[in-house]
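> Each chain, letter by letter, is given below.
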Amino acid sequence: MKNRLRELRAARDWTQADLADRLDVSRQTVNAIETGRYDPSLPLAFKLAALFGDSIESLFLPAHDEAQQRTRPSP
Amino acid sequence: MAARGSGDNDPDIMTRVLYVGRMSISQTEHKSSSDVASEHAAWRDAAPAIALLVITQGSLIGFDPRRPSDLAGVAWALSPLVAIAWLVCGQIRALRRADELQRLQQLQALSIGFAALVVLLIGVGLLHAAEIGDLAQQTQVVLMSGIFAWVSSLAVMSARSR
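Those protein sequences? They're chains A and B, same order as listed.
Residue numbers for the first sequence follow this note's numbering, beginning at 623 and rising by one.
Residue numbers for the second sequence follow this note's numbering, beginning at 1339 and rising by one.
Excised from the complex, chain A in its bound form (with noise of 0.2 Å):
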């Protein structure tokens, strides 16, 4: 799954201990969520949406979308 964490963070000039601190997790869960190797659970998506005043849908993006996003025609 895709997201657009590094985007918005990076917009807030905040870094990775930054965020893990406003999420109060660790910057090591941060930099794997970033890299799309860990999926956060619900309520920490559903933290990370409030923090950055967006839905969670706009901030994750699911495998099954990118596909179809690739394969569609731009117009």
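Because the hints were derived from the structure by calculation, they are not lab data.
All the given hints hold, so there is nothing to weed out.
Restricting the straight-line Cα-Cα distance to at most 27 Å, the calculated cross-link-like pairs of lysine-lysine (DSSO-like) are: (1) B:Lys1369 - A:Lys624; (2) A:Lys624 - A:Lys669; (3) A:Lys669 - B:Lys1369.
Given chain A's structure and the hints, the job is docking chain B onto it.
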């Protein structure tokens, strides 16, 4: 012909490189406050238990297993168990403190360590049934191997997400 957009003097690229460099340095050097708190708590839990384990193990050096097993002798022989129980309690507290990814990694590493322990124990049981080797020494090797499998798998999983 200079490639477009790849020049060394492009201020946008330089700014981006410096920004990414600064971000990556600060990300590897800085720890979140929960990282620091959990590290401190882990040391607070482990340091006295390790010290106690060293003391109790050291006191067993003069222990003679042939002497009559009175209550004091049994208590002396089992004294390292106090430190080990302390370490186990510390591990449980660390699991409770850990966030969701760390907890998952800890539990996966513990299951790998436990699987290694079971396989090796079956091996030792078979060797004991065939009257090969010394059971006490083999048990120590099994215990150390199980702990090694746990710690090394945790280190690998942890390094992957750093």
